[in-house]
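Visitor: Residue-level listing of the chains:
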Amino acid sequence: MGRKITIEPVTRVEGHGKVTIKIDDKGKVSQTRLHIVEFRGFERFVQGRPYWEAPVLVQRLCGICPVSHHLAAAKAMDVIVGAGTGDGLTPTGEKMRRLMHYGQVFQSHSLHFFHLASPDLLFGVDGDPKIRNIIGVAMEHKELAVQGVMMRKFGQEIIRITAGKKIHGTGAIPGGINKNLTKEEIAPWLEGDDPLNADKMVEWAQGALDFFKDYQKKNKDFIDNFSAFPSNHLSLVRKDGALDLYHGVLRAVDYQGKKILDDVDYQDYLKYIREEVKTWTYMKFPYLKDLGTDKGWYRVGPLARLNTIDYIPTPLAQKEFEIYKAYTKGKPNNMCLHTHWARLIETLHSAEMIRTLLKDPDLQGDDLVTSGTHEKEGVGLIEAPRGTLFHHYAVDDGDLITMANLIVSTTNNNVPMNSAVNIIARSYMDNQKEITEPMMNAVEVGIRAYDPCLSCATHALGKMPMSFELLDSRGQVIQQVQK
Amino acid sequence: MDELLVYGYGNPGCQDDGVGILFAEKCEQIFRGIPGFCTEINYQLNVEDSYLISGFRNIIFADAALPDPAFIGSSPPLEDIEAGSKGKGFYYYRIQPAVQIAFSTHAMSPQSILGLSEELYQNVPRCHVMHITGESWEFDADPTEQALEHLENAWGYFENVWTGIAGR
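Line by line, the protein sequences give chains A and B. With our numbering applied, the first sequence has no gaps in its numbers, which climb one by one up to 483 at the end. With our numbering applied, the second sequence has no gaps in its numbers, which climb one by one up to 651 at the end.
Warning: the hint list may mix true and false statements.
[Claimed, not checked] In silico lysine to aspartate or glutamate, DMTMM-like type, Cα no more than 20 Å apart, as pairs:
#1 B/Lys-571 to B/Glu-635
#2 A/Lys-295 to A/Glu-322
#3 A/Lys-165 to B/Glu-635
#4 A/Lys-22 to A/Glu-43
#5 A/Lys-142 to A/Asp-194
#6 A/Lys-165 to B/Glu-523
#7 A/Lys-289 to A/Asp-265
#8 A/Lys-271 to A/Glu-377
#9 A/Lys-319 to B/Glu-511
[Stated by the list, open to error] Label pairs and their in silico Cβ distance ranges:
#10 B/Glu-511 to A/Glu-143: 17 to 25 Å
#11 A/Gly-164 to B/Pro-518: 21 to 29 Å
#12 B/Tyr-604 to A/Lys-213: 44 to 52 Å
#13 A/Glu-185 to B/Glu-511: 15 to 23 Å
[Said to hold, decoys possible] Just a sample of chain B residues kept apart from chain A, beta carbon distances all over 10 Å, derived:
#14 Lys-509
#15 Glu-511
#16 Gln-512
#17 Asn-541
#18 Lys-571
#19 Met-591
#20 Gly-598
#21 Leu-603
#22 Gly-639
#23 Ile-648
Because the hints were derived from the structure by calculation, they are not lab data. Bear in mind the structure is a predicted one, so any value in this text is a computation, not a measurement. Cβ coordinates follow ideal geometry from the N, Cα and C atoms, glycine included.
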């Protein structure tokens with residue numbers, strides 16, 4: 001008899017999602033879908049507001065990754081106030097924003113690896129769900145758990161001193177930044193006691209990488225083959241091909257590394273990228289226009305970034321990047337769980353960048369803001385922890401926002417996540433008489449590798465009822481759990 | 484070790500969801516300059532809060548809740564709700580560390596934070612939750628009058644609680 005399996009909510013991800021898997025009468029997986037059930041509507045809410053409110057207002061899309069939205073909106077507003085398209089700020093303005101951004105990436109990546117992903121790696125996809133969480137990690141791998149907590153705290157403190165507060169800060173303004181950093185504010189995080197200093201964070205980021213590489217060697221078959229599938233990859237890269245999470249030009253490569261887009265000014269993104277809408281989810285499906293909906297979808301995020309770039313401009317991360325690239329003989333990496341490896345390389349890079357920036361005297365500069373001839377439209381892109389984030393606004397003569405278009409990182413990964421669900425479901429559930437919790441967790445492991453922020457992706461307030469329903473082929477409810 | 488941390492969390496952009504933060508901000512005004520009495524506000528609880536609370540003897544987590552008698556999430560047994568805090572739009576109750584997390588997300592519960600503090604830092608502060616009931620959760624910065632009234636009731640109750648802690 002055919003069945004429909006629903007996994008709701010998807011656990012250990014940000015926001016709320018639901019997976020449905022239909023199994024036909026022969027026991028084969030016939031359809032899989034990742035549904036995003038939240039609707040936010042920020043693109044509509046922000047219309048009619050003065051443009052200078054956007055960096056503060058739009059970051060309230062999310063309490064998890066607000067800094068990324070804050071900075072992307074600020075970059076779009078830089079264009080509108082005539083401060084250039086990403087590289088026109090004062091040295092103090094740009095470096096303060098960069099420090100804020102690397103703090104965000106560092107804490108977000110640390111949180112994801114230690115809190116969300118490590119339970120599956122340490123206890124197994126089929127581990128006891130009662131301990132397959134951060135408390136279980138704390139009980140069985142205390143040192144790892146402590147490091148995860150302190151790395152996250154360090155990143156949050158870097159955000160606090162640059163943005164003004166940890167959540168929904170106000171540091172970035174159109175054309176620059178509203179404060180600099182004194183040496184006294186920097187000292188605790190550069191020279192403070194262990195472990196909350198930049199040197200220790202670099203050391204721990206390296207340690208986390210070593211841990212994963214060792215894990216990958218011992219679990220090669222699982223890490224290399226779990227949900228591996230070819231795709232295009234897209235990200236910003238610096239003009240010289242370096243990894244640059246704050247600013248760059250658009251580049252996309254196919255699964256073999258051939259460039260599909262290169263050196264594209266992201267102000268022109270609409271010439272190259274479109275979004276498709278489907279009836280069964282609030283999350284849209286971006287694709288490369290010239291390749292169409294079937295072949296034009298792409299991945300973003302750590303795995304994609306390390307496929308599009310040529311090198312990393314910090315020494316320790318560059319060394320790790322060379323090891324990582326050698327594993328695939330220089331070709332793009334399409335192995336889903338290698339995203340964790342790529343994410344940890346970026347974590348190390350972010351720690352190195354934070355250490356370098358904290359020593360930079362430009363952070364004490366007094367020239368904070370720049371401006372020029374106002375424009376009516378501006379686009380801001382940034383490489384958020386989860387991938388390329390697009391903010392696009394138009395304003396009228398009264399400086400009020402008339403249009404907003406946001407393509408958030410997780411939306412860019414919509415097709416890849418759906419593909420992952422499909423591949424994993426077929427691999428684990430085809431011809432199985434019983435659908436078990438480990439099978440469903442395997443689906444979640446695939447989604448979790450993308451570190452999705454489902455709250456952002458549909459641009460819930462308050463209470464979100466959660467339910468699990470098992471339906472037979474006639475649509476009759478066999479089992480229901482409500483929380 | 485410091486004496487008391489009042490931690491208010493929620494979304495101040497969603498009407499009554501921000502009353503926990505308002506409660507903590509009221510505490511900050513009376514704690515100012517008093518050593519060992521601190522406040523913290525945030526959007527939600529996170530793993531690093533286990534480190535923060537490990538440095539205190541007493542914790543009060545303040546958050547908004549759905550109206551009585553039950554609310555989504557970890558509804559405490561009625562007998563655990565402290566006398567004097569029922570029926571006035573708030574409830575104040577003691578919590579213990581969570582040994583297990585039955586459903587895990589990035590957003591931690593107060594019990595989970597306590598559990599992490601116990602596992603990682605071998606400290607379990609005496610911990611209460613101050614749940615202040617709200618009426619509306621729309622996208623608006625201003626709480627409802629009802630929630631503000633509940634906040635005042637909770638505040639009146641708390642003034643006795645903290646006096647007891649401070650006088651110890």
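Visitor: Are any of the numbered hints broken by this structure? If so, which, sorted upward?
Guide: 2, 3, 4, 9, 10, 12, 19, 20 and 21
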